[in-house]
Structures are given as C-alpha cells and as structure tokens.
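Colleague: Take the sequences, apply the hints, and build the full model.
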Amino acid sequence: MILEGRQKIWSDYQKDIPDDHWYYVRSCIRQNFFPASERMFTHIVKDVLGKDLYETPHHTTCGGIAYHCDTIPQETAMTIVARQFALMTEAGYENYCPSCITSFGNYAEILETWREFPELEARIREDLWKACRKEFNKPKYLAHSSDLIYHWRGDIARRAKKLLINVNTGEPLRVVEHIGCHYAKMFPSKGVGGAEYPCVLAGMIESWGGQVIDYPERRHCCGYGFRQYHVKANRGYSLSNTHKKFESMEPYHPDLIITNCPGCPYFLDRWQYVIACQTGKTYGENGHGIPVLTYEELAGLVLGYDPWDLGLQLHQVAVEPLLQKMGVSYDPSAKYLGLNREDLMKPELPTSIKCY
Amino acid sequence: MNRNIVIIGGGIAGMEATKSLLALGYTPILIESQPYLGGHVAQWHKLFPDMSSARELVDRLRKEIAAANLFLGTDVVSMNRLANGWTLKLSNGIVINAAALLISTGFKLFDAARKEEYGYGIYENVITNADLESWFSGESDWRIPQNPQAVGFVHCVGSRDLKACNSQCSKVCCATAIKQAIEIREHFPFAKVYCFYMDLRLFGKKYEDFYANAQRDYGVQFIRGRVSEVGETFDHRLQVKAEDTLSGKPLKLQLDMLVLMAGIVRNQSVQSISDMAGLETDSDGFLRSSDNEYGVVESGQPGIFYAGACTGPKTVPETVAEARSAALQIHSYLKDK
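Note that the protein sequences, when read in sequence, are chains A and B.
Per our numbering, the very first residue in the first sequence carries number 464; after that it's consecutive.
Per our numbering, the very first residue in the second sequence carries number 29; after that it's consecutive.
DMTMM-like cross-link-like pairs, simulated, lysine to aspartate or glutamate; straight-line CA separation at most 20 Å:
hint : chain 1 : residue 1 : chain 2 : residue 2
1    : B       : K269      : B       : E152
2    : B       : K269      : A       : D677
3    : A       : K707      : B       : E271
No lab work stands behind these hints: they were computed from the structure.
Modeller: Put into structure tokens, the structure is as follows:
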C-alpha cells in the first residue's frame, strides 16, 4: 500500500466533530453482547475527558434492525427517528451521537432522504405530532461514538497506561480494523476516511501505537448482514462470510481485531468458536482465537482499566494472550467475579479453541 | 484586411487545422499552453487499429506546420470582441488581433484516483491507460512488474458512470484497452490478460477485427462485468472482485497489474476561454456546437470554430477530419467577409 495515497483519501474525508455537548443514544444489543462498552464510553467522555454527554431513559430502538430485515417500511423507522430527535430537541442538544452503526446509517439515510424529499419530512412531522404531540429539530451534527473516540484519540493517547506494543518484542501489535457496513458504505462522506479506506479505527490504532493490517477481505461483511443471520436458514451464509474473512487475514497473524459495530464483534468473536468446532482450525497462536474487542474496550485497556471490569471475560475468544502482549496485569482468579465480587460461575470451556 | 487566424490548442486537432490553413495560404497563429505540441497523442505509443506510431504522426505534423507562428507554453489571458474579430492578450505579453478563432483545447483524462475502490494511488500495481502508454514509449515505471502472470484492464473508469458525474461514453477506451491488451501480450507472452467491460463499443473501421484478433490470436479474455473492489494480498498481488454478468456469478481473481481505462472528460482549462468568449457548454460539460448533426465545428458565434475533443470524445481520424473541416469553414468565413 502506498501510504501517501491513503493519507490523501483520509484528508479528503474528514468531517466536523464538535468537541463538546453531545446527545448520546445507546444500541439495542450492545449492552447484552459487550456490557461494559457503552459504560466505558460514557465514563471516558464524561469523567476522563470532562465533556458534556447527555442520555435519556426515554430513548428507544431506532427501528434499524427491523428496517434492514425488511419487516417495517422506512416511513415507520422515520417516525421513530423523528421521536428520538424530538427527545434531543427537548433536552436542548443539537449534536447527536448514536452508539450503534446501524442506527448511525439509519439516521444518515433518513436525514439525506428528508433533504432530497422535504415533503416526506413534512409528512413525518405531521405523523409524529398526531402520534405523540412532539416536534423536533434535526441534529446539527451527526457522529457515531467511534467518531468521537477518533476525535479524542490523542487525548486518550496522552493518558495511556498501556500501548498497542508487544512488551516482549517491542514491536507494534498487528491490528485488524473492521468497520460496520452501515458506517460509510452508504454515504462515504459521512464517515471519517470515507468508505474504501476508513480511518476512524485505523486512526485510533496508530495513535495508540499499533500497526493496521490491510488484508484482501478487509471491506467484506463480518457475516451478520441481518437477513443472513436473522433468517435461520441463512446462517450458514453468515458463517461462510466470517470464515472468508479469517482465511484472508490469517497470513498476517493479527494480534487483535477491533470493530465499531454492534454485530461485527459478536459474529467475529462467536463464529471463531463455531469454525473451530466444525473445522478444527483456530486463527490465533497456540490454539487460541484472535481476540475481538470493541473500540471502547480497547480504549479502556489503553487507559489502564481492569480487563474484567471491561467485561472481557464475556468474549468467546480468550483475551489473555492480548493482555500478556500489552503487559496488562490481571487476576485470573477474578475473571468470573462480578463487579460486586459475586461469583458469576465459570462457564464450561470449549475444547476446540483454547479458553481459560 | 486582417487575416489572422488564432488556433488555441496544439494537439493533433490544432496541428492538423494549422496544416490545412497553411495549405490554403494563411499563416495561422497556434497557441499551446504546454511546452510541446501533440497533446495526448504525443504521450501515446501506438494508435489503433493499425498500430501505427503516435510519435511519427506528431513529428510529421510538427514539420508540416513549421511555417506557422507557434507559441508554446503560452496561455490566453484575456480576449475581447472587436467589430471585425477578436483581440487576444497572451501570457507572454503579446497582443494579437484575430479575424477568426479555432478552439481545439482537447480533453482531460478522468482522475482515476476518484474511483477509490480501484485503488489507483493506493496499490502499487494499479496504473492507468496513460501510464501504460508512457511505459510502452520507453519511460520507466516502477509500478509495472518485471514478469506479470496476470494483468487486468478495467473499461469505463469515469465514463458512463453517474457517480463519477460523467454519464457519457468516452468512445476510444474499448479499442484502446484491446490495443493495450495485445501489446501486454506481446511484451509478456505468458501473462493472462483479462478485460472487464460493460459493453464493447467497437464502431470504427476494423475495430471488430481488432477485437477478434485480441481473442483469437492473443488469448485476451473478455469478462462482461464491472470490478467492484481491489485489495492487496499478503504477497502484494492484487485481488480483484467482479461479477461475470454473462454467467451470473461473482468472480475473484489475483492479478499482478491492473490497468484503469480512464475516460475522457472536459478540459477544465477551457472554462476561462469559454467564459471570455461567451461560449456555451453542453450538458456533458464539453463545448456546445451550434448543431450536433450538421454544424459540429461551428460554435454559433461568428468567427469562432471548434475542432477535436473540446466538443466531446473523438477518435484520431474523427479529430483529423474535424480539423480539416474547420479549416475549410474558416476559409469560407474569411472569404465571405
């Protein structure tokens, strides 16, 4: 890869990201899959960086999953989104930050649709008023939560306790960055770095000392793909997509995968176990898988938080090899203790992929 | 009586028109912004379909127009309408009164880096048709591998592409891709060569034979489908994904080099001239002829004529024919004054 060419594209696709006062909306599913990610995001933004980040318990789904599974029409998703914007307006904010990539894509698509078809926006405003007597302003800025961490990556680097450097070799860790499809593939200008060579996660990796891997199937879907998974008969297709990605990245021996989508870390993590069961093949070192983290979890590790407080014990693929490479100290006996030290009970460990 | 004819643009259209006007007894003034004559053809190696030398054509024309007034590396900085013509100020400070103007400012090649999915400027072995021609002409190029096993050509890069803001066909790329595919096979007889195309638009004399030769005699494989993305493999080859629309199947190939057939787009530098002269541009961004069937070389403004690709993509024979036609039109215009 010619790095100057990539830098040129990165400079072409930068977007305005205000430094403060964000209205934050959580994902439907991330708290179940990776329960500390959003908690760590709000902690970093509010407590570590001292920024204003507002949440409301009245926030609901954006309708994105149903929309992309073809179970609701876009007008329904638009009315749901209009209500979210009304909540933001009532709270006095104009910078909107969703945690979910599909939500981000949904919001971007709806705002663009309204820009192209103002009569549709007028109809949705009328529907929202009839349904719940709410009015709204459209966000002045829309940024995904990974955009914000990208924006503050230097602040995080300055506070870093651990870097993405192998403490045994002194070499940068080799990191695969996987971008959710709904981040910039629909609207390249909405993503930092565009659709083909996004820098939103690559920028974090490089700022925190790691080395980004460019492998042939980098742009390929993680395998989730909504109907590929939610329609049960299609799940083999979901798995084969994930398998294709791992086969493609294998020669580069990645130490870590990070993602910015709710579904991607789940499928890249869980399907490694299924691939190991079906084929006996693992992609990490010595029978391990390749650890898959969210960018908030990685930011938490860089800032020196306890990996078990970050919920890393809930990953299918063992993260211990990564922790050892980064020089993160951890208590193996505390892995399955909850925040209140209550025993969560050690799960039955698989034999096809090495876990602890 | 003022019989000055100013020709703006020294590609083959401007050169051929200069030659014709010299033969008609005029001494035209040819202004070219580059320090050399011949435009894009001067950068090209061979011309289709006869594989004749582009350099020989330009050299021959250069000798034939030696009697004309030539200003190389010179721009027109201002232009004013007079009662009987135009006054032009050049970037070298010279002021010319012209009785007639010929615009032959040509075209630009589409910037292939704008089609980011093809990786031009990102992956080392992705080049353009123009890069390959320079290499055929003897220029060294580190991006071209020593002994490629597989080479791909992508047609319609920036042409017939609404996302690239150019819905028009560039007309010459299909035949150019066939020519270059044949030349690659001549340079690297063991390389497999693939052409990814939407449609093959082979309208000119002997083009169809050219296409048949490429398949029959050179083994070039034509795949009907657009390339969707290009990546780099662990051993620094290119991985190309496409859809073979004839078999209805996705396709993944590993190549050692990918050549992007950058299309023809308007020459932005012509904008200032069209603004100064009050010329209209067409919906495709090129200069608008007074009539696309019968008056292609006429601008619609008295005393201003067009030749070549300033009005849209043209082949070399079309450009030469237009240049001769424009010269006769200018002669007729001046004779009647």
